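Novice: Residue numbers (my numbering), protein chains in the order written: chain U, 1 to 116; chain H, 1 to 427.
For the record, the hints were derived by calculation from the structure and aren't laboratory data.
It should be emphasised that the depicted structure is a prediction, and the values quoted were computed from it without experimental measurement.
Think of the CB as a built atom: it goes at the ideal place given N, C-alpha and C, for glycine as much as any other residue.
Mixed in with the good hints there might be a few duds.
[As the list claims (entries may be wrong)] From the structure, some residues in chain U lie toward chain H, with a derived Cβ separation under 10 Å:
| no. | residue |
| --- | --- |
| 1 | V38 |
| 2 | A42 |
| 3 | K86 |
| 4 | R108 |
| 5 | D112 |
Each chain, letter by letter, is given below.
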Amino acid sequence: MRFLCIYRPSKPESDAPPTQQEMESMGKLIGEMHKAGVLLAAEGCLPSSKGSRVRLDGGKFSVTDGPFPETKELIAGFALLQVKSKPEAIEWIKRFLTVAGEGESEVRLLHDMPAG
Amino acid sequence: MPPTADDETRRAIHAVWSIESARLIAGLARLVRDVGIAEELAQDALVAALEQWPAGGVPDNPGAWLMATAKHHAVNYLRRGTLLARKHQELGRALEADHESEGSETVERIIDGLEDDVGDDLLSLIFVACHPVLSREARVALTLRLLGGLGTDEIARAFLVGEPTIAQRMVRAKRTLSEARVPFQVPRGADRVPRLSSVLEVIYLIFNEGYAASAGDDHMRPALCEEALRLGRILAGLAPDEPEVHGLVALMELHASRAGARTGRSGEPVLLPDQDRSRWDQILLRRGLAALEAARASGAGPGPYQLQAEISACHARALSAGETDWAHIVALYEELARLIPSPIVHLNRAVATAMADGPAAGLAIIDSLRAEPALRDYHLLPAARADLLAKLGRLDEARAEFQRAAALTQNARQREQLLARASACAG
Numbered sequence: 001m002r003f004l005c006i007y008r009p010s011k012p013e014s015d016a017p018p019t020q021q022e023m024e025s026m027g028k029l030i031g032e033m034h035k036a037g038v039l040l041a042a043e044g045c046l047p048s049s050k051g052s053r054v055r056l057d058g059g060k061f062s063v064t065d066g067p068f069p070e071t072k073e074l075i076a077g078f079a080l081l082q083v084k085s086k087p088e089a090i091e092w093i094k095r096f097l098t099v100a101g102e103g104e105s106e107v108r109l110l111h112d113m114p115a116g
Numbered sequence: 001m002p003p004t005a006d007d008e009t010r011r012a013i014h015a016v017w018s019i020e021s022a023r024l025i026a027g028l029a030r031l032v033r034d035v036g037i038a039e040e041l042a043q044d045a046l047v048a049a050l051e052q053w054p055a056g057g058v059p060d061n062p063g064a065w066l067m068a069t070a071k072h073h074a075v076n077y078l079r080r081g082t083l084l085a086r087k088h089q090e091l092g093r094a095l096e097a098d099h100e101s102e103g104s105e106t107v108e109r110i111i112d113g114l115e116d117d118v119g120d121d122l123l124s125l126i127f128v129a130c131h132p133v134l135s136r137e138a139r140v141a142l143t144l145r146l147l148g149g150l151g152t153d154e155i156a157r158a159f160l161v162g163e164p165t166i167a168q169r170m171v172r173a174k175r176t177l178s179e180a181r182v183p184f185q186v187p188r189g190a191d192r193v194p195r196l197s198s199v200l201e202v203i204y205l206i207f208n209e210g211y212a213a214s215a216g217d218d219h220m221r222p223a224l225c226e227e228a229l230r231l232g233r234i235l236a237g238l239a240p241d242e243p244e245v246h247g248l249v250a251l252m253e254l255h256a257s258r259a260g261a262r263t264g265r266s267g268e269p270v271l272l273p274d275q276d277r278s279r280w281d282q283i284l285l286r287r288g289l290a291a292l293e294a295a296r297a298s299g300a301g302p303g304p305y306q307l308q309a310e311i312s313a314c315h316a317r318a319l320s321a322g323e324t325d326w327a328h329i330v331a332l333y334e335e336l337a338r339l340i341p342s343p344i345v346h347l348n349r350a351v352a353t354a355m356a357d358g359p360a361a362g363l364a365i366i367d368s369l370r371a372e373p374a375l376r377d378y379h380l381l382p383a384a385r386a387d388l389l390a391k392l393g394r395l396d397e398a399r400a401e402f403q404r405a406a407a408l409t410q411n412a413r414q415r416e417q418l419l420a421r422a423s424a425c426a427g
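Same shape as in the complex, but just chain U (with noise of 0.2 Å):
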């Protein structure tokens, strides 16, 4: 099973580049989660000054360049993990959450490749 973990932390996003001692704490967690092989893809984005939003609405489309500070629980980052269960990757998340700080991570089970 595979589900895709959208993490938004509850802190506004800030210029501040995390500590030595945040990555080092990321560092290993993201290591057990290669090393327990569940772990396929995880990415942290770049503040929102550099993203925009593309919209399509009323068959109109509109392009909205970063910032978003008036964006509460902004998206700081995705991991794709590949596990026995739902419950699995929740106690994953968990364990991320505990290292990334609070906020929310929106676990979603995606479409898999079909049996047989």
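Since chain U is already given, all that's left is putting chain H on it; use the hints.
Specialist: Positioned in the frame of chain U, the structure of chain H alone reads:
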């Protein structure tokens, strides 16, 4: 009815078990020198977790909690005299010391130095579970149980046998390991290559069982592919200098990447050249190519798994069937045939040769294989021969071969396809 807090905790406990059980068993096996006893102690810790965590919640470090509990139970076993005398001694020594301190063991550890304990324990467990003294079925069952954390029922459903069969297989396997006094360690030196070969064979076997599963089967069967992939990835992390480990992982990732395209709308098998490539899983495909790079980087000349992965990668890189580099594939099969001169490899080489150099060239190779006893009941031989005969306009012969192939295949839909091709040959 919404799930109770208890239900959620129970689910969380099983999730923790999925994550922690292999490392737990490995660490305990290092202590007690017996995987059977290690597994029992781990199970005791799981039972304790099921009893205590619903009230207090999942502890902050569940792995450490389980290990501490398991060691505590080991002491209880000791006191109740449950273990045999020899084990009492070893266990007593180990627990009193509470760390590895037996002479040569320490020296070896200092010399080896770089590997961390957990990795070494897990690697040792993988090698022990796949020990060649065990039958292939026993190795598979033990690996899925000790490393995959799968229950006896799940393993039984995956292999379409009864639970008692699997249970017995595992009891016998653990006894065999005990009696043979298989040491709990990572094999080195001359032993390394054949032992690693056995591990790779087990993992690939599990993968192929899963890959052979069809739509109607119990969901545990295709789950075997994921489990084999997971075990392969873990092994690649623990033994990164072994090119054939990366080769096997590459092969499995690439095969798995095509799983979504292998079956047509009515459940009929779709051959690779006819597959809808937009249904190939790009994440797995790219991972497969990356693993292949890791295999190449490990230096040594390509082994059989790496070569098979190279062949698979040729297909993966072709955006359409027409762009396939068949000449390269033929060269790879020739290399593979030198390492594994099996009739099946030659048959695949023949098919590739037909694509690269025309049907007559491929047919020449197939004709030389017709007497091979190993291929006598293999439906793909007459099927391939029929296909080439048809391309050469020898329709009567082609029809006879398609009919022969149809009679040999076990798969009903494949039989229909072959019979349809036979009819199409009738003028």
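Novice: If a hint holds in the structure, say so; if it does not, say that too.
Specialist: Outcome of the hint check:
For U/V38, the interface hint holds, the least distance from its beta-carbon to any beta-carbon of chain H being 7 Å, beneath 10 Å. The closest approach between the C-beta of U/A42 and any C-beta of chain H is roughly 13 Å, which is over the 10 Å cut-off, so the hint fails. For U/K86, the interface hint holds, since its Cβ comes within 10 Å of a Cβ in chain H; the closest pair sits about 8 Å apart. The restraint placing U/R108 at the interface with chain H is violated, with a minimum CB-CB distance near 15 Å, outside the 10 Å limit.
For U/D112, the interface hint holds, since its Cβ comes within 10 Å of a Cβ in chain H; the closest pair sits about 9 Å apart.
Going down the numbered hints, you'll see the structure goes against 2 and 4, while the others check out.
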